[in-house]
Amino acid sequence: MSAVTTSFPNTAAGWQLPSRGKVAMAGLIIAESAIFTIFVVAYLFYLGKSITGPTPGEVLETPIFYTICLLSSSLTIHMAAKCLARGIGFAFLGFWLLTIALGGLFLYGTAEEWHRLIYEHGLTISTNLFGTTYYSLVGLHGFHVTAGLVMLLTVAVLGLCGRIGIKQSGHIEVLSMYWHFVDAVWVVVFTVVYVLGR
Amino acid sequence: MSSNAITIPGTQIQARPWVDELHQWVTTVDHKRLGILYILSALLFLVIGGVEALVMRIQLMHAQNNFVSPQVFNRMFTMHGTTMIFFVAMPVLFGFANYLVPLMIGARDMAFPRLNAFSFWLSFLGGLLLYFSFVGGSGLYGAGNAPDVGWWSYAPLGARAFSPGHSSDYWTLALLVSGFGSIGTAINIIATVLCLRCPGMKISRMPLLVWLNLVMAGMVLIAVTPLSAAQIMLLIDRYLGGHFFDTQAGGSAVLWMHFFWIFGHPEVYILIIPSFAFMSEIIPVFSRKPIFGYPVMVGATVCIAFVSMSVWAHHMFTIGMNSYANSFFAITTMAVGVPTGIKIFNWIGTMWGGRIQFKTPMLFSIAFLFQFLVAGLTGIIQSSAPVDWQLSLSYFVVAHFHYVIVGGILFALFAAFYYWYPKMTGRMLSERLGKWHFWLFLIGFHLTFDVMHIPGVLGMPRRIYTYEPGRGWDTLNLIISIGAFIQAIAILVFVANLVISYFKGARAGNDPWDAWTLEWSISSPPPAYNFATVPTVASRRPLWDLKHPEDPDSRYE
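Quick mapping for you: the protein sequence lines, in order, are chains C and D. Read in the working numbering, the first sequence has 38 at position 38, and its numbers run on one by one without any break. Read in the working numbering, the second sequence has 1344 at position 344, and its numbers run on one by one without any break.
Calculated from the structure, these hints are not laboratory results. Take the hints with a grain of salt, since some may be wrong.
[Claimed, not checked] Result set (DSBU-like, lysine-lysine): computed pairs, CA atoms no more than 30 angstroms apart in a straight line:
1) K1359/D to K1504/D
2) K1202/D to K22/C
3) K1547/D to K1202/D
4) K167/C to K1202/D
5) K49/C to K167/C
6) K22/C to K167/C
Turn these sequences into a full structure, and let the hints steer you where they fit.
Okay, here's the thing in C-alpha cells:
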C-alpha cells in the first residue's frame, strides 16, 4: 500500500524546538512594527507642514499619568504570567485584573484627550495634516490597546470560571508578549508625538 | 479539479457525492489541499490576467487601433498588474510553500492549520473583491468601474477627486485584505520552519527550498506591511477626509511613492526568492549532483533580503531626489547584483560536471538561468540614475520587469509544476506536451520581451493606449503582439497537459526523479497525515542516505 511511509532509524534524543506560539507572536510583532514605522515616519515627515492650525505645540498636553498607567501594566502582566507559571492562580488573577484596569485607564486617558481636542480645539482628522497624522498614529496604537484588552478580558472571564491553570502558562506568555509590544510602541509614540513633536 | 484529487490510492471504498467532496475542500485545513487551492486560484487569475494582457496587445498591434477605448485600456493595465502580482504570483508561490515546506521538513502540517485556511480565503476573496469592481465599482457616481490608475495608484490619482466612485476603494480593500492573508501565511511559514522540523533536521540541514521560503516569509513581514499601512492611509484620505497624500493641504504625493516602493521593490525579491528555491531543488536533481555551495547560497539569499530593503527609490529617480539619494540608491541597486550573481554561479557550478538530464523541469530551469541573467543585466543598466532618466516609464522598463517576472519567476514556476505535479497528483505530466509547452513558450517569450526593449529605447512610453504611425514602432509592436499570442497558445498546451495527465498520465510512484528530499519518501499523492512515522535525518539529503547506506552524506557533514 502506498500509504506506508519510509521511516528513518536512530531518532535523535533531546530534539528541542522553539514554541510555535512565541515564534508566531514574534513574527506578528515584527510585522506590526513595520506598520507602526510607516505611520511614525508619516508623522515626523509632516511635522510643521500643516497649512492651518492648530499645531501640536498649541493643543497637546503630555499625558504623563496615563503613560505611567500603561507602562506599569507591562510589569503587572509580567507578574501575572510569572505567578501562573508557578501555579499561584489567585495572584495571577489579581495581577491580570490590575493589568486590565491599567489598560482601561490608559484608554480612558486617550478618550479624554480626544474629547478635549475635538470639542475645545476643533481638531479632527480632517482639520489639517497634524490632525490626520496624530489621530491615525495614536488611533492605531489605541486600536491595538483595545484589541489587547479584548483578549485580556477573554482570559479574565476564563480565569474567573477557573479555566486558566498552569497548563495555559505558555499561551498567557504569548499574550503578554503582545501586551509588552503595545507598551513598547507607546514609548515610541509618546516620544514622537509629545516630546519631539512639540 | 476532479472530485477525488487527493484521496489515498487504495483506501477509498467508493466515491463520495461531489457536494460532500466540495464541502471537504472548502472547509479543509490540510496544508496540501490549501496549497493546491492556492495554486488553482492563482491559475484562474493567471488566465484572467493573461486575457487582459492580450487585450492590450491587440490594441497596440498597429498604430491608431480602436479595439478598446482609452478608458478600458487604463483598466486593463491596472488590473493586469494588480492581478498578476497579488493574485497570481504571490498565491502560487505561497501554494508551493504550503505544500512543500511541511513535507520537506518531515512535519504533519503547518504550525497553524486554521490560520493557514484563513489566510488562503482572505487572499482568494481579496481577488474576488478586486474583480467585483467591474460590477460594483461605479457606485453612486456612475464614473468608470474597475480601477484604472495603474497598479501603483500614484497620488493624487488615488484621491477622491481623480478616482470618483468606488473603483479605487475595491483596489485598496482587495490589497489590504490579501495583504493580511500574506502576513498570516508568512507567520505560519516561519513558525512551521522554526518549530516543526523533524529530529535531526538542523537549520543547517534544511533543504534550500525551506531556507529560501523562510527568508521570503521574513521579507513579507517587513515589506508587505508598509503597503497595508499606506492603504490604511489612503482609506483615511478617501473616507475620513484625511490629508496624507493631499498636496493642497500640505500633504505629499512623493510620500505615497516612497511607501509604495518600500513595499514594491522587496516584493520583487519576495517573488524571486521562492523561484530561486525551486531552482536550488530542481537543478541538483537533474544534474545528479548535490547543490554547489549550500552555505553560500543561504548567505547570498539572506544578503539579497537585506540589501533589497534599501533599493526602493531606484523606482523614483525621475521624481527629482537630491544627488545623495540618487547615488545611494544606485549603489545599493548595483550591490544587490553581487549576491544574485553568486547564486547564478552556484547553479552553474552544480551543473558543471554533472550528468544532466534534459527533462522538462530542467529545460525550464536552464532557460531560467539565461533569462534571469539578462533580466538582471538590464536591471543593472537602469540602476544608473542618468540612464534611468532616459529609460524610465518607457517600454524598456516594461520589458525589463517582464523579463524578471515571466522569464525568471514564471519559468521557475513551470519547472516547479513539472517537477512536483507527480507528487501532488500521483501522475506524471506528459513529456511530449511539456516539450511543446516549453519551446512554444520560449519562442513566444523571446519574441515578445526581447523585442519590447527596442521601442522603449526608441522612446515609446508605457501605458499609452495607441501611437502615431511612422515612428518606427509599428512592426516591433506587431511582433510583440504575435509573441504574446504564441505564449497564450503555450499556456493552453500547459493547461491541457495538466488536465490530460491528471487522468491519463503515467503513474508516478513515490520518487519518479530519484530525488533526495523527504517529500519523495512518501506516496504520491501523500496521505493526509504525511509521514506514518516521524522521520529522522542525518544529512542534507536524507533520501540519498537511505538509498546509499554504504556511502551516506552524513559521513561527510
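Results for each hint:
For the suggested pair K1359/D and K1504/D, the alpha carbons sit about 19 angstroms apart, so the restraint of at most 30 angstroms is met. Straight-line distance between C-alpha atoms of K1202/D and K22/C comes to about 19 angstroms, which keeps the hinted pair within the 30 angstroms bound. For a cut-off of 30 angstroms, the pair hint linking K1547/D to K1202/D stands: about 21 angstroms separates their Cα positions. A C-alpha spacing of about 28 angstroms is found between K167/C and K1202/D, which places the hinted pair at or below 30 angstroms, so the restraint holds.
Only pairs whose Cα atoms come within 30 angstroms are accepted, and K49/C paired with K167/C is rejected, the gap being roughly 53 angstroms. Annotation: proposed proximity of K22/C to K167/C holds, straight-line Cα distance about 15 angstroms (limit 30 angstroms).
Hint 5 from the earlier list is the only one contradicted by this structure; the remaining hints agree with it.
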